[in-house]
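Can you make the complete structure from the sequences, with help from the hints?
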Amino acid sequence: MTNNLDSRTVSAGDRQRSRSYHREFWPGIAAYVVLVSLCPLLTRAADGSPWRYLWAVLPVLPALWVLRAVVRHLRRIDDYQRLLMLRGLGVGFGLAMVASLTLGLLELAGLDLPTGWIVYGVGMLGWAIAAATAARR
Amino acid sequence: MRNNLKTLRLAQGWSQGVLADRLEVSRQTVNALETGRYDPSLPLAFRIARLFEQPIEAVFLPDPEPTTAGSAR
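Sequences listed follow chains V and D, in order.
Residues are numbered in the working numbering as their position in the first sequence, beginning at 1, plus a constant of 34.
Residues are numbered in the working numbering as their position in the second sequence, beginning at 1, plus a constant of 4.
Heads up, some of the hints might be wrong.
Said to hold, decoys possible - To be clear about the criterion: a stretch of chain D counts as covered by chain V if any three or more of its residues have a C-beta under 8 angstroms from a C-beta of chain V, and this derived list gives those stretches: (1) 14–23; (2) 26–34; (3) 40–48.
Said to hold, decoys possible - Examples of chain V residues lying across from chain D (beta carbon under 7 angstroms, computed): (4) L39; (5) T43; (6) V44; (7) Y114.
Said to hold, decoys possible - Sample of chain D residues lacking proximity to chain V, with all beta carbon distances greater than 12 angstroms (derived): (8) M5; (9) A53; (10) R54; (11) L55; (12) F56; (13) A62; (14) V63; (15) P66; (16) D67; (17) E69; (18) P70.
Think of the hints as simulated: they come from the structure by calculation, not from any bench.
The beta-carbon is built from N, C-alpha and C at its ideal position, and this holds for glycine as well.
The following block contains the structure:
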């Protein structure tokens with residue numbers, strides 16, 4: 035009986051909060067993937083026109099939707115989970131800054147790299163790994 | 005800070021998930037509280053005490069005073 039009471043199954047509240055988060059988060063990611071795939075086609079079609087800048091930044095809209103989902107999730111969860119999530123974000127931010135500094139120095143040395151994408155990737159990966167590590171505890 | 009949360013929960017026959025729902029926190033938070041990895045905020049500590057109908061000092065106990073070399077002498 036004690037084993038059953040110590041089970042690590044999620045609570046009804048956890049399930050509900052998680053469902054709400056996924057319901058808001060994944061449509062944003064799906065829209066982002068679609069727009070990122072369409073972006074090169076749209077910008078190429080508008081080559082030479084100022085419209086190409088608008089098409090180029092179109093994926094920012096679903097990214098803002100995803101950010102909204104994360105903020106709403108932060109407001110739904112309790113203090114401890116918020117602490118873990120913000121700690122993960124902090125790790126991601128720290129790694130992104132270190133990556134940015136490293137790449138900046140490499141650029142000064144003459145190396146040509148897609149700096150923005152690498153910084154973004156390192157930051158997101160750092161956040162994801164820190165959040166996954168915290169969730170396993 | 006130490007606490008008697010696990011003892012109180014088991015006495016009620018509740019799983020961590022059930023206690024989490026009653027406190028409106030996650031099961032992960034209940035686990036962190038029981039294992040001493042997380043000290044609750046004051047509002048949560050009062051909610052826990054109210055739920056178990058115990059005074060707050062019966063649920064949460066201060067860590068024992070560290071014995072220093074100076075005081076041992």
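Do the hints match the structure? See the list:
no. : hint  : in the structure
1   : 14–23 : holds (count 7)
2   : 26–34 : holds (count 6)
3   : 40–48 : holds (count 5)
4   : L39   : 5 angstroms, holds
5   : T43   : 6 angstroms, holds
6   : V44   : 6 angstroms, holds
7   : Y114  : 4 angstroms, holds
8   : M5    : 14 angstroms, holds
9   : A53   : 17 angstroms, holds
10  : R54   : 17 angstroms, holds
11  : L55   : 14 angstroms, holds
12  : F56   : 15 angstroms, holds
13  : A62   : 21 angstroms, holds
14  : V63   : 17 angstroms, holds
15  : P66   : 20 angstroms, holds
16  : D67   : 19 angstroms, holds
17  : E69   : 27 angstroms, holds
18  : P70   : 26 angstroms, holds
Checked against the numbered hints listed earlier, the structure breaks none of them; every hint is satisfied.
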